[in-house]
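Trainee: So you can see what is in the structure, the chains are spelled out below.
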Amino acid sequence: MNVLFRFISFISIFIISYSFATPLAGVKVVLIRPHQADSINIDGFKCYLSNIVISDSNKKKDLSPSNYHLLDFTSSDTATLYLSPFANANLLEFNLGLDSVINTSGALGGQLDPSNGMYWTWQSGYINFKIEGTSPHCLARNHEFQFHAGGYAYPYNALNTINLELIPNKAFHIEIDLALFFKLISIQNLNHVMSPGPNAIKISKALASCFKTVIDEK
Amino acid sequence: MKNKILLLLLSVVFLALISIDKHESSFPKYFPKPVYQFEQNQSNDLKIELGRTLFYDPILSLDNTISCASCHNPYNAFAHVDHNLSHGINDKIGKRNAPVLFNLAWHKSFMWDGAINHLDVQALAPISHPDEMGETMSNVLLKLNRNQIYKQLFYQAYGDSQINTERTLKSISQFLLSLISSNSKYDSMLLGKIQFNTQEQNGYRLFKLHCNFCHKEPLFSDFSFKNNGLSLDTSLNDFGRYSISLLPNDSFKFKVPTLRNVEFSYPYMHDGRFKTLAQVMNHYNSIDLKNKKISTELQRNLNLSSNEKVDIIAFLRTLTDKKFLFNPQHAYPKK
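Heads up: the sequence lines are chains A and B, in that order.
For the first sequence, the numbering used here begins at 893 and goes up steadily by one.
For the second sequence, the numbering used here begins at 280 and goes up steadily by one.
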């Protein structure tokens, strides 16, 4: 039986690698930090992007072999999103965060491993994004702010779908503008979000509006 | 290539025929369809044994002093006898009573407030709670990976010695899923093997009249959240389901616990406030009918006589499953 199992997994690896053998394109994702004058220091930023779909004017195509990506900007301001190349694409669509199916699927591995620090252990569910840092405007202890946003259950589903327009066949990168995020939320009034609820919805909407595509000049 | 595909198809059919999960064949036909998806976590005896080893091992806690079994004792249907609230590292006390652990494949959610949505992620909560095991999953993995015995146990269970979160949690689920309680006197009565005595029979009749709405047979819970009229303990300020859903209507609602093995799982209620079943009977017999927040099923005067209360308790004792309570396969794994 064990031998059979191994044989089957050998076959399925063969089939998967065959059908997805197309090379992947890396799209650069750049974190834009708040301006110095805003006095906001970002110590950590991580987010999940999922269900990536790219489309041209008449058809849609799922771009990514696994449709969730954990982007970690802890040690660098850039991260890479791996997508299959798609000619004439004019729209890129993805979720900021993870959907309810993934949130209710039990223990998962890889980028969805709960020990990645993007999972609430006391109330099941993934943290869609984390923004942590300090600012003199922040009235919390040690001027620290912590935004952990998530929640998949009605009425506090914090998932946001982001649509970004592309210019067909022009190379692009994605920017996440955290300066805009801190303009949209007032750090004097809100400095900690650690659970699903109205505040998680609010900051999720704010961050979703901070994504944009920038055409790479050649 | 064609031959390979044919062989693949044949083996899939073959596996489908023989792969009725061990857990799926371990409960009686009158149990409903389980919620847990066994095909997502295929069982074998070695995974169950690994899960059992983890369950009884304090390696899961920060200072290696507290195991799952510290608050979930097999001889009390995996509840914490005589302790109203859970205990943790450094003598810390939690804010809820440790519930019984069996027939978990039928639960839609876990914890008194349903905070946990899947059996496989349940163990993460006590492992990381500062008042329980106070540990992180990544540190648990470090400790397990340094341990030659676990290396071997994972190798035997999964075919290689890789130890990760998913395997660790799913192995714990494997052990928990093997905890099936279905050999009580009540079960024998259902199967027509024995008959209840007059007192038990009368208790059963009253139970069906007053309790069965929420403590639904044959699992003795509908796993919903209800306000059963307990007053707020201001030293705990526990609002139950509301803390998770943030819906005002969920204030003071707690998950309906199963009543199987209730004779052995004292103390009772989410905060363990009642030590005896007689106290529980008295509570339900004196519901404050002016409190409209109480679950509608309870908004009536039960008017139970002393004899009737005793009869219901006699029926509840028929839910005791000694074969389960003293099953050596569930106990501390002696090497």
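You may find that some hints are simply not true.
As the list claims (entries may be wrong) - One side only, chain B facing chain A, incomplete, derived with CB under 8 Å:
#1 Ala394
#2 His408
#3 Ile523
#4 Arg579
#5 Leu581
#6 Leu583
#7 Ser585
#8 Glu587
#9 Val589
#10 Ile592
#11 Ala593
FYI, nobody ran anything at the bench for these hints, they're computed from the structure.
Heads up, the beta-carbon is just placed ideally off N, CA and C, and yes, glycines get one too.
Trainee: Holds or violated: is the Cβ of B:Val589 closer than 8 Å to a Cβ in chain A?
Mentor: Cβ of B:Val589 sits 41 Å from chain A, so the hint is violated.
Trainee: Grab the minimum C-beta distance from B:Ile523 to chain A and call the hint holds if it beats 8 Å, violated otherwise.
Mentor: Check passed: Cβ of B:Ile523 comes within 6 Å of chain A, closer than 8 Å.
Trainee: If you take the shortest Cβ to Cβ gap from B:Leu583 to chain A, is it below 8 Å?
Mentor: violated (38 Å)
Trainee: Does the nearest C-beta of chain A fall within a distance shorter than 8 Å of the C-beta of B:Ile592?
Mentor: violated (35 Å)
Trainee: Under 8 Å, Cβ to Cβ, is where B:Glu587 needs to be relative to chain A, so tell me if that hint holds or is violated.
Mentor: With Cβ-Cβ at 40 Å, over 8 Å, it is violated.
Trainee: Classify the hint on B:Ser585 as holds or violated, based on whether any CB of chain A lies nearer than 8 Å to its CB.
Mentor: violated (43 Å)
Trainee: Return the status of the interface hint for B:Leu581: holds when the least beta-carbon distance to chain A is below 8 Å, violated otherwise.
Mentor: violated (35 Å)
Trainee: Next item in the hint list is B:Ala394. Is there a CB on chain A closer than 8 Å to its CB?
Mentor: holds (4 Å)
Trainee: Holds or violated: B:Ala593 as interface residue toward chain A, Cβ cutoff 8 Å?
Mentor: violated (39 Å)
Trainee: Was the hint right that B:Arg579 lines chain A, CB cutoff 8 Å?
Mentor: Hint on B:Arg579: violated, closest Cβ of chain A at ~32 Å, above 8 Å.
Trainee: Given B:His408 as an interface hint, is its Cβ closer than 8 Å to any Cβ of chain A?
Mentor: holds (7 Å)
Hint violations for this structure: numbers 4, 5, 6, 7, 8, 9, 10 and 11, all remaining hints satisfied.
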